[in-house]
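Please build the complete structure, drawing on both the sequences and the hints.
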Amino acid sequence: MDHAERAERFIAETYPRARIAIVAGSTARGERTPTSDTDLLLIGDPLFDEPTQSSEAATHEFEGEIFEVFAYTPDGFAEWADRGLDNHRPVIVHMLVEGMPIRDDGSLDEFRAHWSRLLAAGPTLTAEESAFRRYVISDLLDDLHDAEDPLEQRVVANLLFERIAELMLLSEGHWVATGKWLPRRLRSLSPERADLLGDPLLAGDIVLFAAQVETELRRAGGRVQAGFVR
Numbered sequence: 365m366d367h368a369e370r371a372e373r374f375i376a377e378t379y380p381r382a383r384i385a386i387v388a389g390s391t392a393r394g395e396r397t398p399t400s401d402t403d404l405l406l407i408g409d410p411l412f413d414e415p416t417q418s419s420e421a422a423t424h425e426f427e428g429e430i431f432e433v434f435a436y437t438p439d440g441f442a443e444w445a446d447r448g449l450d451n452h453r454p455v456i457v458h459m460l461v462e463g464m465p466i467r468d469d470g471s472l473d474e475f476r477a478h479w480s481r482l483l484a485a486g487p488t489l490t491a492e493e494s495a496f497r498r499y500v501i502s503d504l505l506d507d508l509h510d511a512e513d514p515l516e517q518r519v520v521a522n523l524l525f526e527r528i529a530e531l532m533l534l535s536e537g538h539w540v541a542t543g544k545w546l547p548r549r550l551r552s553l554s555p556e557r558a559d560l561l562g563d564p565l566l567a568g569d570i571v572l573f574a575a576q577v578e579t580e581l582r583r584a585g586g587r588v589q590a591g592f593v594r
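Read in my numbering, the sequence shown has 423 at position 59, and its numbers run on one by one without any break.
In short, the hints are calculated from the structure, not lab data.
Using N, Cα and C, we set each Cβ at its ideal position, and we do this for glycine too.
Careful, some of the hints might be misleading.
[Stated by the list, open to error] Simulated restraints, written as ranges between beta carbons of each label pair:
#1 Gly591 <-> Pro410: 26 to 34 Å
#2 Pro555 <-> Asp469: 37 to 45 Å
#3 Glu462 <-> Glu492: 28 to 36 Å
#4 Arg548 <-> Arg582: 20 to 28 Å
#5 Asp401 <-> Thr490: 31 to 39 Å
[What the hints assert, rightly or not] Once the Cα atoms are required to be at most 20 Å apart in a straight line, the calculated DMTMM-like pairs of lysine to aspartate or glutamate come out as:
#6 Lys544 <-> Glu526
#7 Lys544 <-> Glu395
#8 Lys544 <-> Asp401
#9 Lys544 <-> Glu462
#10 Lys544 <-> Glu432
#11 Lys544 <-> Asp559
#12 Lys544 <-> Asp563
#13 Lys544 <-> Glu556
In structure tokens, the structure reads:
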């Protein structure tokens, strides 16, 4: 099945004024699974029937395929891309830079070059944000050490994995992610450190997992507790 051709038919019917169209995600990478949908980034001006509208995230079904659409005017894209950069999770910028173009009005190369430079620069973790993140992790570590209920342990451990993984990534200038992309980003940073953190969590070894979190916390600057002001 030619997913690009189906995507073009979908765009022609649903967003015909899109000037830039990019297929992203597993479809663009050639890694689709039986449950994969098609992630689609669309940019155009005018793109929407309502002239004041600048963005839309919508899910569509077309020819038996689910399309997850992220549609923007150029100004709308810039607004949401900047938000993603500020939050250290520039999802639509990754889509723009890494996806497979299927429509281009001639402006895509310049547009990509601009956002590629910002993506390549990586996130900046300020001292204040680092301290706050380490404070949260320190508190969760204490909760994990104190937890006796197995369900409480698992919930807190999962939260700790997310928080320490984000800190590990940001401390070394890497963008963060959610869901399945968080361990993938962590492995791209260091397969060894990802395994040292993830293996005891998967094995249910809470003591070893907590010790590895402590190790990564020290690497990032150490515990933050007494005297911290939010």
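Now for the hints, and whether the structure bears them out:
1. For the hinted restraint 26 to 34 Å between Gly591 and Pro410, the CB-CB distance of approximately 54 Å leaves it violated.
2. Separated by about 40 Å at the C-beta atoms, Pro555 and Asp469 satisfy the suggested range of 37 to 45 Å.
3. Judged by the Cβ atoms, the range 28 to 36 Å given for Glu462 and Glu492 holds: they are separated by roughly 31 Å.
4. Range check, Arg548 to Arg582: about 25 Å between beta-carbon atoms, so the 20 to 28 Å window is met.
5. At about 36 Å, the CB distance of Asp401 to Thr490 agrees with the hint of 31 to 39 Å.
6. Pair hint Lys544 plus Glu526 holds up; C-alpha atoms about 11 Å apart against a cutoff of 20 Å.
7. With a C-alpha separation of about 14 Å, the suggested pair Lys544 and Glu395 falls inside the 20 Å cut-off, and the hint holds.
8. Simply put, Lys544 and Asp401 have alpha-carbon atoms about 15 Å apart, close enough for the 20 Å limit, and the pair holds.
9. A threshold of 20 Å between alpha carbons decides the hint, and for Lys544 with Glu462 the separation of about 18 Å falls inside it, so the pair holds.
10. About 17 Å separates the Cα atoms of Lys544 and Glu432, which keeps this hinted pair within 20 Å; it holds.
11. Proximity of Lys544 to Asp559 is assessed by CA-CA distance (about 15 Å); at most 20 Å being required, the pair is judged to hold.
12. Simply put, Lys544 and Asp563 have alpha-carbon atoms about 16 Å apart, close enough for the 20 Å limit, and the pair holds.
13. Under the criterion of a C-alpha separation no larger than 20 Å, the hint pairing Lys544 with Glu556 is consistent with the structure, at around 18 Å.
Figure legend: structure checked against the earlier numbered hints; the only hint not met is number 1.
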